[in-house]
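Student: Read off the chains here:
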Amino acid sequence: MSGDHAEPPIAARVRRLEERVIAAGLASDDELDGVLDRLYATASPVNGARMVARAWTDPAYRELLLADGNAAAAELGLAAPAYRLRVAANTAEVHNLVVCTLCSCYPISLLGPSPGWYKSFAYRSRAVREPRAVLAEFGLTLPPGTRIDVWDANAETRYLVLPRRPEGTGHLSEDELAALVTRRGLIGTAAV
Amino acid sequence: MSFAPGARVRVRAVDPDHHTRVPRYARGHVGEVVEREGEFPLADDRARGLPEPRVQAAYAVRFPAAELWGEGDHTVTLTMWESYLEEAE
Chain A
309 MSGDHAEPPI
319 AARVRRLEER
329 VIAAGLASDD
339 ELDGVLDRLY
349 ATASPVNGAR
359 MVARAWTDPA
369 YRELLLADGN
379 AAAAELGLAA
389 PAYRLRVAAN
399 TAEVHNLVVC
409 TLCSCYPISL
419 LGPSPGWYKS
429 FAYRSRAVRE
439 PRAVLAEFGL
449 TLPPGTRIDV
459 WDANAETRYL
469 VLPRRPEGTG
479 HLSEDELAAL
489 VTRRGLIGTA
499 AV
Chain B
477 MSFAPGARVR
487 VRAVDPDHHT
497 RVPRYARGHV
507 GEVVEREGEF
517 PLADDRARGL
527 PEPRVQAAYA
537 VRFPAAELWG
547 EGDHTVTLTM
557 WESYLEEAE
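Chains as they are written, first to last, in the numbering used here: chain A, 309 to 500; chain B, 477 to 565.
Chain A on its own, in the form it takes in the complex:
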């Protein structure tokens, strides 16, 4: 699995699809580029990390984040996601992992473009079947007593993992906490 999202076979498939869309007169190359430019101008894992850091420091925000992800995104002034956002909190007992077995659904506006491995057949087929082994390959070995809840984004909901706040971070500011949060942590393939 690579962390690179410029995998040639996928890029070639996407281009074939774009050509069909253009040939059918549904959109032009410029229009497609414009859509991507607007999206990538603001889509970043920094957004998801800000939500997590706020939840770590503000119990009321944490409650809102877990009850209504869309409202929590709006509270930080983030662009309204075009999907229902459901946030799953890691605890001492449960670790959450996100996958899309049917394609590669993912909250792009909050996590940025998805990593190549997220779209790979290997990750998509194995995450629902043997998540503990998959996580170990990512370097995350969970205690045997920790249950893994896998969320397969097969429909209208997109998922974000709320990692546990690392020990010994009581002195850090919200911005410093946000800098600790990784895209993999927000998908569930890393602890934070």
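Treat the hints with care, as some may be off.
Some but not every residue of chain B turned toward chain A, in silico, with C-beta under 7 Å [to be verified]:
| # | residue |
| --- | --- |
| 1 | 497 |
| 2 | 499 |
| 3 | 513 |
| 4 | 516 |
| 5 | 545 |
| 6 | 550 |
| 7 | 551 |
| 8 | 553 |
| 9 | 554 |
| 10 | 555 |
Calculated Cβ distances over 10 Å to all of chain B for the following chain A residues [as the list claims (entries may be wrong)]:
| # | residue |
| --- | --- |
| 11 | 317 |
| 12 | 362 |
| 13 | 369 |
| 14 | 387 |
| 15 | 424 |
| 16 | 463 |
What the hints contain is simulated information worked out from the structure, not anything from laboratory work. Beta carbons are placed, not taken as given, at the ideal position from N, Cα and C, and that holds for glycine.
Based on these hints, arrange chain B on the given structure of chain A.
Tutor: For chain B alone, coordinates are given in the frame of chain A:
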């Protein structure tokens, strides 16, 4: 038909010749409703270009790994539109 959180539901063992959001691995299996997600146009109808796709309640349904795969101690949660589900005893 609507399902409350905690209800045991079975995914209909359908194999339609059109697009569906029922992953094959969940067909025929029993899970528990976690929550109601809201109402959304049915993806099966949208993908077929039906002019008026059915709008149905969708539920987060959680399946034990052992139910899906015969082994494992994790869970898998999927979104299931109402018409994908039936009550399980």
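Student: State for each hint whether it applies.
Tutor: Hint check:
no. : hint : in the structure
1   : 497  : holds (5 Å)
2   : 499  : holds (5 Å)
3   : 513  : holds (6 Å)
4   : 516  : holds (5 Å)
5   : 545  : holds (6 Å)
6   : 550  : holds (4 Å)
7   : 551  : holds (5 Å)
8   : 553  : holds (5 Å)
9   : 554  : holds (5 Å)
10  : 555  : holds (4 Å)
11  : 317  : holds (22 Å)
12  : 362  : holds (23 Å)
13  : 369  : holds (21 Å)
14  : 387  : holds (20 Å)
15  : 424  : holds (22 Å)
16  : 463  : violated (4 Å)
Of the numbered hints stated above, the single one contradicted by the structure is hint 16.
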